[in-house]
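With the hints as constraints, model all of the structure from the sequences given.
Quick mapping for you: the protein sequence lines, in order, are chains D and W. Its first residue numbered 9, the first sequence is counted upward by one per residue in the working numbering. Its first residue numbered 46, the second sequence is counted upward by one per residue in the working numbering.
If you're looking for bench data, these hints aren't it; they were derived computationally from the structure. Where hints are given, some of them may not hold.
Said to hold, decoys possible - Derived CB-CB ranges, DEER-like:
| hint | chain 1 | residue 1 | chain 2 | residue 2 | range |
| --- | --- | --- | --- | --- | --- |
| 1 | W | Trp-141 | D | Ala-93 | 30 to 36 angstroms |
| 2 | D | Ser-119 | W | Ser-435 | 24 to 30 angstroms |
| 3 | D | Gly-112 | W | Ala-269 | 18 to 24 angstroms |
| 4 | W | Ser-158 | D | Thr-51 | 46 to 52 angstroms |
| 5 | W | Arg-336 | D | Ser-141 | 55 to 61 angstroms |
| 6 | W | Ala-251 | D | Thr-51 | 53 to 59 angstroms |
| 7 | D | Pro-96 | W | Thr-236 | 26 to 32 angstroms |
| 8 | D | Gly-35 | W | Pro-325 | 25 to 31 angstroms |
| 9 | W | Phe-468 | D | Gly-112 | 53 to 59 angstroms |
| 10 | W | Thr-236 | D | Gly-35 | 38 to 44 angstroms |
| 11 | D | Asp-85 | W | Asn-438 | 33 to 39 angstroms |
| 12 | W | Asp-156 | D | Ser-141 | 43 to 49 angstroms |
A virtual CB, placed ideally from N, CA and C, is assigned to each residue, including glycine.
Here is what each chain is made of, one letter per residue.
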Amino acid sequence: MNFSKLLLQTLGAVLAVATLCASASAGDLVVIVSAKRPATTMTASQVADIFLAQAERFPNGDNATPLDLSLGAALRDQFYIKVAAKSPVLVRAYWTKMVFTGRGLPPREMSSSVAMRRQVAGNPSLIGYIDSSALDDSVHVVLTIGK
Amino acid sequence: MFNLIHSTTSRRAAGILIGFTFFSPAIAQSGADDGTARPWTFAGYGSLGVVHSSEAAADFSANVINPGSAGHSKSTSYDVDSRLAGQINYTLDADWSAVVQVVSERNLDHDFSPAIEWANVKYRVTPELAVRLGRIALPIFLIGDYRKASYALPWVRPPIEVYSALPISNSDGIDLSYRWRAGAGAVNNITQLSFGRTSLPISQTAHARARQLTGLSNTTTAGALTVRASVMTTTLTVDIAKPLFDAFRQFGPGGAALADQYDVANKRTSVGAIGFNYDPGNWFLMGEVGRMNARSFLGDKTVSYLSGGYRWGSVTPYLTYSNAKSNQATRDPGLPLTGLPPQLAPVVNVLNSQLNGLLSKISVQSTVSAGVRWDFSRDRSLKLQYDRLSPRNGSSGTLINVQPDFQSGHPIHAVSAMLDFVF
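Rendered as structure tokens:
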């Protein structure tokens with residue numbers, strides 16, 4: 009009885025890890041932090057809050073700074089549609105309102121998923137999003153978003 | 046610091062600033078891939094609009110301090126909503142930053158000379174708490190602090206009954222903003238407390254001065270829903286009608302009582318408002334209700350609007366209903382003529398009618414607006430809007446430059462087209 013419960017728990021844990029890894033299959037959009045940070049997951053709304061300057065901290069209280077891909081990048085548009093339900097026009101309108109009320113500036117921009125990954129890997133306060141094909145073990149996936 | 050900006054010198058500074066920003070290479074918001082954020086960033090917004098109004102006996106205007114001239118002065122006018130703004134941000138480090146925003150729009154001098162909309166230094170005490178010192182946007186009403194950035198609005202202009210109730214958009218002083226979370230982190234709040242003053246020349250001789258301008262606002266965001274509640278109080282002096290009230294004071298206690306009741310001399314003016322915006326992405330619904338009590342001829346008004354729109358690809362049709370009603374009588378019998386020496390009766394008659402002329406400017410009006418926004422390219426949108434204004438009860442509503450032959454109580458039609466851009 010105890011053994012089977014343990015087995016089930018282990019299986020559950022293995023499955024959960026497997027799902028986490030498997031869910032980030034090639035071609036997915038993944039939200040990443042440095043591998044220097046503890047491996048945790050975040051919800052879409054926690055991620056959206058940081059990218060929209062509604063929150064400046066990770067859920068554990070550490071300072072968080074978001075990075076964007078370049079304006080017009082397809083991945084960037086998908087990211088905001090999936091995470092914040094905002095089309096490119098709505099994101100632009102949102103930042104118009106934030107910038108011109110002095111409440112924040114949009115995230116710095118990276119030219120590619122690889123540049124983004126390198127930048128995030130080196131700094132535990134950064135958070136970014138990349139195509140899962142650019143993943144390596146220098147970063148942790150905190151949220152996987154299907155395309 | 047509080048007197049950082051004063052008319053002529055500030056206008057000159059603003060002109061230099063605009064010149065500088067146009068001749069310097071445009072600075073994007075982005076940093077380089079090496080991870081260093083650039084300390085200077087430049088951004089701007091603008092609108093180019095035309096308005097046609099059917100009312101020939103008054104001018105259509107969005108705001109009394111940016112007087113538009115559509116209707117009586119010109120049947121079609123570009124000066125109601127057109128403006129250009131540039132903003133420079135300087136970020137010293139994670140904690141210190143500064144910002145200057147210059148706006149060129151139609152002003153009370155009847156030109157478009159640029160003025161400093163805001164200029165302040167911000168110190169971030171913690172990621173949650175920030176202090177700003179300088180000229181700061183007033184966070185009163187849902188969109189009070191970004192109403193000029195029309196690209197961020199669904200409409201050609203914010204609903205006029207509500208947003209003309211508070212014409213000033215900034216104050217010189219200090220503000221504190223504190224960000225906090227509730228409901229297990231799902232509800233974001235920003236609470237802003239501000240204290241300052243502002244002064245505005247209305248004519249060669251008259252000024253509007255708001256002192257001890259104290260505001261408190263709380264903006265709550267939970268998913269697609271944003272709610273802002275705000276209150277503001279100030280000691281207001283607008284001496285534009287001072288000669289009239291000085292004249293009333295010559296007529297004994299009765300005249301003095303009328304002057305005290307209606308003159309805007311150190312009158313405590315208060316504004317309270319609550320508004321919501323629900324925007325899940327494909328559509329939006331927003332509404333506000335507020336009260337502005339100036340305890341004077343500027344009125345005690347309750348203002349409200351409800352607006353909704355549907356985003357159909359890049360095209361967003363919208364519909365708005367807005368209303369202003371007066372909580373005080375907009376007519377006053379004035380000083381009784383009985384018992385006056387015959388030669389003074391016509392004088393008092395004129396004073397009484399001038400007083401009622403002022404009271405008829407308290408907006409009692411409703412407007413139905415229908416329009417469409419077309420996001421035809423990145424950073425640019427085109428808007429077309431039809432407004433049907435109904436001033437009533439003898440009021441000239443939100444209209445300005447009201448001519449003697451103006452008749453309240455009939456609908457006025459206004460059609461606007463506007464190009465908005467951000468850069």
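Results for each hint:
1. Checked against the hint of 30 to 36 angstroms, the pair Trp-141 (chain W) and Ala-93 (chain D) passes, with Cβ atoms roughly 34 angstroms apart.
2. Between Ser-119 (chain D) and Ser-435 (chain W) the beta carbon distance is about 54 angstroms. The supplied range of 24 to 30 angstroms is therefore violated.
3. Roughly 19 angstroms separates the CB atoms of Gly-112 (chain D) and Ala-269 (chain W), a value that falls within the hinted 18 to 24 angstroms.
4. For the pair Ser-158 (chain W) and Thr-51 (chain D), the beta carbons lie near 49 angstroms from each other, so the given range of 46 to 52 angstroms is met.
5. Checked against the given bound of 55 to 61 angstroms, the beta carbons of Arg-336 (chain W) and Ser-141 (chain D), roughly 57 angstroms apart, stay inside it.
6. For the hinted restraint 53 to 59 angstroms between Ala-251 (chain W) and Thr-51 (chain D), the CB-CB distance of approximately 56 angstroms keeps it satisfied.
7. Taking 26 to 32 angstroms as the suggested C-beta distance range, the pair Pro-96 (chain D) and Thr-236 (chain W) conforms, at roughly 31 angstroms.
8. For Gly-35 (chain D) paired with Pro-325 (chain W), a C-beta distance near 27 angstroms keeps the hint of 25 to 31 angstroms intact.
9. The hint said 53 to 59 angstroms for the Cβ distance between Phe-468 (chain W) and Gly-112 (chain D), and at roughly 18 angstroms that hint is violated.
10. Under the hint 38 to 44 angstroms, the C-beta atoms of Thr-236 (chain W) and Gly-35 (chain D), about 43 angstroms apart, fit the expected range.
11. A beta carbon spacing of about 50 angstroms between Asp-85 (chain D) and Asn-438 (chain W) contradicts the range 33 to 39 angstroms that was offered as a hint.
12. A C-beta distance of roughly 57 angstroms is found between Asp-156 (chain W) and Ser-141 (chain D), which places it outside the suggested range of 43 to 49 angstroms.
Violated hints, in rising order: 2, 9, 11 and 12; the structure is consistent with all others.
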